[in-house]
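Go ahead and model the full structure; you've got the sequences and the hints to work with.
Residue numbers (this note's numbering), protein chains in the order written: chain A, 1 to 112; chain B, 113 to 223.
Since the hints were derived computationally from the structure, they do not count as laboratory data.
Be a bit skeptical, because a hint or two may be false.
Stated by the list, open to error - These stretches of chain A come out as covered by chain B in the derived footprint (C-beta under 8 Å, 3 or more residues):
hint : region
1    : 39–48
2    : 54–66
3    : 98–111
Each residue gets a CB set at the ideal place from its N, CA and C atoms; glycine is no exception.
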Amino acid sequence: DSGVTQTPKHLITATGQRVTLRCSPRSGDLSVYWYQQSLDQGLQFLIQYYNGEERAKGNILERFSAQQFPDLHSELNLSSLELGDSALYFCASSVDPSYEQYFGPGTRLTVT
Amino acid sequence: DAKTTQPPSMDCAEGRAANLPCNHSTISGNEYVYWYRQIHSQGPQYIIHGLKNNETNEMASLIITEDRKSSTLILPHATLRDTAVYYCIVRADYGNNRLAFGKGNQVVVIP
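Here it is as structure tokens:
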């Protein structure tokens, strides 16, 4: 158990819908990262927050957005969902951006 | 970040040491070598990291060559639960903190 929690574990929704994935980092960790893992793309970095501020962006679509709240939990919002958005979404956290990242168990999103 | 090269797959015998190689010939002086593994579809698990000295923790040892162009992750006594995809990642210690996962090395521990 890494100490990072993600909810929900599974999510099934239809194309065009919007969903929110939630992540609670390890106690004391200020930095949160979101990654997407699909069969054809592998594990890809989406976005990073540090103490509430966006720190880095990766291959995140404009339909996706994220934020980190004052209590340091983070949410990833996915809208206008397409079949290709079906994937595992992982959240990771670290004490500081230069430290190792610890990953949560992931949310499996299925878009039908 | 520098790219890494790993074999796509390898088998290891249960109870024996497993030596997982990684090439990172374009690594820069400020880049660390990180190892993660992913068991089935679970979240990636941090194993170990190092800059130039060899490192050891409760999970594994990391041996980095003197020229830092390659490294080896050693699992001292492989168990069936070590079957996973192992990722060798090179990452700078500042600025770009993302982890760039490649295809990894599918390691199967055989009884």
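Tested hints:
Check result for the region 39–48 of chain A against chain B: holds, 5 residues qualifying (beta carbon to beta carbon below 8 Å, three or more required). Counting residues of the region 54–66 of chain A whose CB falls under 8 Å from any CB of chain B gives 3; the rule of at least 3 is met. For a cut-off of 8 Å, the count of residues in the region 98–111 of chain A with a CB near a CB of chain B stands at 9, and the three-residue condition holds.
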